[in-house]
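From first to last, the protein sequence lines stand for chains A and B. First residue of the first sequence? That's 8 in the numbering used here, and the numbers climb one at a time after it. First residue of the second sequence? That's 2 in the numbering used here, and the numbers climb one at a time after it.
Read the hints as simulated data drawn from the structure, not as lab findings. In this text, all values refer to a predicted model and were calculated from it rather than measured experimentally. Possibly wrong hints are sitting among the right ones.
Claimed, not checked - Distance condition first, Cα-Cα at most 20 Å in a straight line; then the derived EDC-like pairs of lysine to aspartate or glutamate:
1) 100/B to 383/A
2) 101/B to 123/A
3) 30/A to 61/B
4) 30/A to 3/B
5) 101/B to 366/A
6) 30/B to 376/A
7) 101/B to 372/A
8) 102/B to 333/A
9) 346/A to 383/A
10) 40/A to 3/B
11) 30/B to 372/A
12) 102/B to 339/A
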Amino acid sequence: MDFSILIQLTYLVAISFFIVGVKRLGSPATARKGNQYAALGMLIGVAVTLLDRNILTFDWIIAGIVVGSLVGGVAARKVEMTSMPELVALFNGFGGAASALVAWGELSRVSAVGLDIFSLVTISLSVLIGAVTFTGSFIAFGKLQGFITGKPITFPGQNLFNIALIIGLLGLSGYFAVVPEDPTLFWIVMGVSLLLGILMVIPIGGADMPVVISLLNSLSGIAASFAGFVLGNQLLIVSGALVGAAGLILTNIMCKAMNRTLTNVIFGAFGGDQGGAAAGSGAIGDLTIRETSAEDAAVQCAYASKVVIVPGYGLAVAQAQHVVKEVAAILEKKGVQVKYGIHPVAGRMPGHMNVLLAEADVPYDQLYDMDQINPEFPSTDVVLIIGANDVVNPAAKTNPASPIYGMPVLNVEEAKRTIVFKRSMSPGFAGIDNELFYLENNQMFFGDAKQSLQALAGALKDLD
Amino acid sequence: MDPILIQQLIFNLFLFVLASFVGFELISKVPPTLHTPLMSGANAISGVTLVGALLIAGADSGETGGMVTKLIGLIAIIFATINVVGGFLVTDRMLEMFKKKGS
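Taking the hints into account, I'd like the entire structure generated from these sequences.
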């Protein structure tokens, strides 16, 4: 019996669930429901596909789904919230690889000579985008995890080489469609695409990871959509395009938050730049810094009327989100107003800090975006900057020689007092010296963020 | 090229473009607080390629190259399922933690 009409109509239902789901993901109150709707849409789409008359055997399907569910399920349960960027990069890589494999599988199923030119071109393009997503995501994962250096890895002529690779790949894909008899062309397309994914991500500095993760997310959607073109499957085409567009929007938001263009992120080899660091330190000279202690910081916070906490990646590394919440709770008990000011690119992926603070039970209406919190700094008594660096660097506004000049930052220096929690004076992920540290109203609290905050919490309790 | 194929292609291109616009509209107003769950949720949806993987792995293994096709399909199913199951579960885990003050 042919269920194709039933399948098509059910796909329409699945797509509707995806769209409503993504829509609901847009508001904190409905987000959880939204994600469940999307998951339900996926379940419906997958289940009805099993009725397809081209599916003749189920043993391998069941095996694959069981193994995949176990791996994915365990990873999702075990992961620390601090490692969320790594996990998303990894899942993303698997998604991209799956799309490339689907295109390759279709080529293997029908055989190249049986396919028309258009199908062959889409197969090559799916493999290209899927493979780039796959290796690119794994390099991003390595950089986030730290087994590949976060600094840009560059070689002379790298950008030209990458552009040549892209043009060559497109040319080869076209050529393969004309002479499908030669399978070596297909292998070359696949191999070079895998290489391209590596080469495109290694020159990108760690500070730009939020952009890279968003972009790879977008690519994995486009890869799924192209796989849909290969199979003539509308569910894949529509949902892949949805995800592709969503990823592009996030990529754009991240770029704007750093005052960079996407081209500059991909080809700029930014972050850890030696020249930039030298320019920064030259402007500062040998100014002095002021150190503070837990007791001193506790007194200043306890007698403040408004304290703003600015978290950064250092908070995640030190796993200090719960202690931050504890400090905030003590202050609130003393009648101090506590707010969190979060820069859009704080952390290693968009919204990373919000997830960590949510994990520590900080209500989301206490978290403020850059645009909301910036007007509040002049009326703030103490700003606690925990593991954040580049996003509070005034050089972005004042020093045209600084590599981050023009990037919107949190105007923490407008507050009466800033206290920076930092391990040492080493520069941030972008490798740039921070002028804030040397300002009159700034104090440095050196040490591991978690231990420092525990000391602060202890000192606050002793004040009673 | 077959005119029916061309028609089908144009129809699919329409879907692609329109769906992209829907995606742009849906996402452009999402608050930064939700960017991480949004991204991991969207990521899970991109695992929809699983549907394609099912069609490859379920093919008849009797044909020439059938085993290779099925093997490719099996790996594709495993990868896509990791993406889908892991993605939706971890997004749910994150969103469970998002609470309003007092609730």
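Hint check results:
1. For the suggested pair residue 100/B and residue 383/A, the alpha carbons sit about 24 Å apart, so the restraint of at most 20 Å is broken.
2. About 55 Å separates the Cα atoms of residue 101/B and residue 123/A, which puts this hinted pair outside 20 Å; it is violated.
3. Of the pairs offered as hints, the one joining residue 30/A and residue 61/B is violated, with about 39 Å between alpha carbons and a cut-off of 20 Å exceeded.
4. Note on residue 30/A and residue 3/B: the hinted pairing is violated, with a Cα-Cα distance of about 39 Å set against a maximum of 20 Å.
5. At most 20 Å may separate the alpha-carbon atoms for a hinted pair to count; residue 101/B and residue 366/A meet this at roughly 13 Å.
6. Distance hint between residue 30/B and residue 376/A is fulfilled; the C-alpha atoms sit about 14 Å from each other, no more than 20 Å.
7. Among the hinted pairs, residue 101/B with residue 372/A is consistent with the structure: their alpha-carbon atoms are about 6 Å apart, no more than 20 Å.
8. Proximity of residue 102/B to residue 333/A is assessed by CA-CA distance (about 15 Å); at most 20 Å being required, the pair is judged to hold.
9. Between residue 346/A and residue 383/A the alpha-carbon distance is near 10 Å, which keeps this suggested pair within the 20 Å criterion.
10. In summary, the hint linking residue 40/A to residue 3/B is not supported, as the alpha carbons are separated by about 45 Å, beyond the 20 Å threshold.
11. For the hint pairing residue 30/B with residue 372/A, the CA-to-CA distance comes to about 17 Å; that is within 20 Å, so the pair holds.
12. A threshold of 20 Å between alpha carbons decides the hint, and for residue 102/B with residue 339/A the separation of about 13 Å falls inside it, so the pair holds.
Of the hints listed earlier, those the structure fails to meet are numbers 1, 2, 3, 4 and 10, in rising order.
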